[in-house]
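With the hints as extra help, turn the sequences into a complete structure.
Under the UniProt record's numbering, the sequence shown has 24 at position 24, and the numbering climbs by one with no breaks.
Hints in this document: simulated from the structure, not taken from any laboratory.
Treat the hints with care, as some may be off.
Now the in silico label distances, taken between C-beta atoms and shown as ranges [said to hold, decoys possible]: (1) 11 / 63: 57 to 63 Å; (2) 64 / 4: 51 to 57 Å; (3) 37 / 4: 47 to 53 Å; (4) 14 / 38: 35 to 41 Å; (5) 43 / 17: 38 to 44 Å; (6) 57 / 4: 34 to 40 Å; (7) 22 / 46: 39 to 45 Å.
Cβ atoms here follow ideal geometry from the backbone N, Cα and C, with glycine treated the same way.
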Amino acid sequence: MELTYAYTKTREMFGRQCVFSDRAEELIVNIPPDPGVTGILPKTTKDQAVQSCQEMSEHEVNTRSFETNSRGINHLEGGWPKDINPSEMEQTMRIRK
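See below:
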């Protein structure tokens, strides 16, 4: 089975290059709705997957369980020690020095 194909055509035989440009919209066909077919509903399509062979896969994982903790800190302005009140200007100025 050959996986490659060599083109023997020259470039000019492939056709002209597409040149696209912006232009105003143009109405080509205007088909008004037919009031006689308003009661007709389209058929609903159904999709169904088919597998021709038996599925033979198995996956099993046994992991060790461990305890987790979640800790957070409230940062109003930086991470201040517990004994410092960040809203007190005197205490924060002392630490900043």
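(message) Looking only at beta-carbon atoms, does the pair residue 11, residue 63 fall within the given range of 57 to 63 Å?
(response) holds, 60 Å
(request) Hint says 38 to 44 Å; check whether the CB-CB distance for residue 43 and residue 17 agrees. (result) holds, 42 Å
(message) Within 35 to 41 Å: is that where the Cβ-Cβ distance between residue 14 and residue 38 falls?
(response) violated, 48 Å
(message) Taking 47 to 53 Å as the stated bounds, is the beta-carbon spacing between residue 37 and residue 4 within them?
(response) For residue 4 against residue 37, whose Cβ atoms are near 52 Å apart, the range 47 to 53 Å holds.
(request) Please test the hint of 34 to 40 Å on the beta carbon pair from residue 57 and residue 4. (result) Taking Cβ atoms as reference, residue 57 and residue 4 lie about 35 Å apart, which means the hint holds.
(message) Given the hint of 39 to 45 Å, is the C-beta distance from residue 22 to residue 46 inside that range or not?
(response) Holds, at about 42 Å.
(request) Please test the hint of 51 to 57 Å on the beta carbon pair from residue 64 and residue 4. (result) Since the Cβ atoms of residue 64 and residue 4 sit about 52 Å apart, the hinted range of 51 to 57 Å holds.
Comparing the model with each earlier hint shows a violation of hint 4 alone; every other hint is respected.
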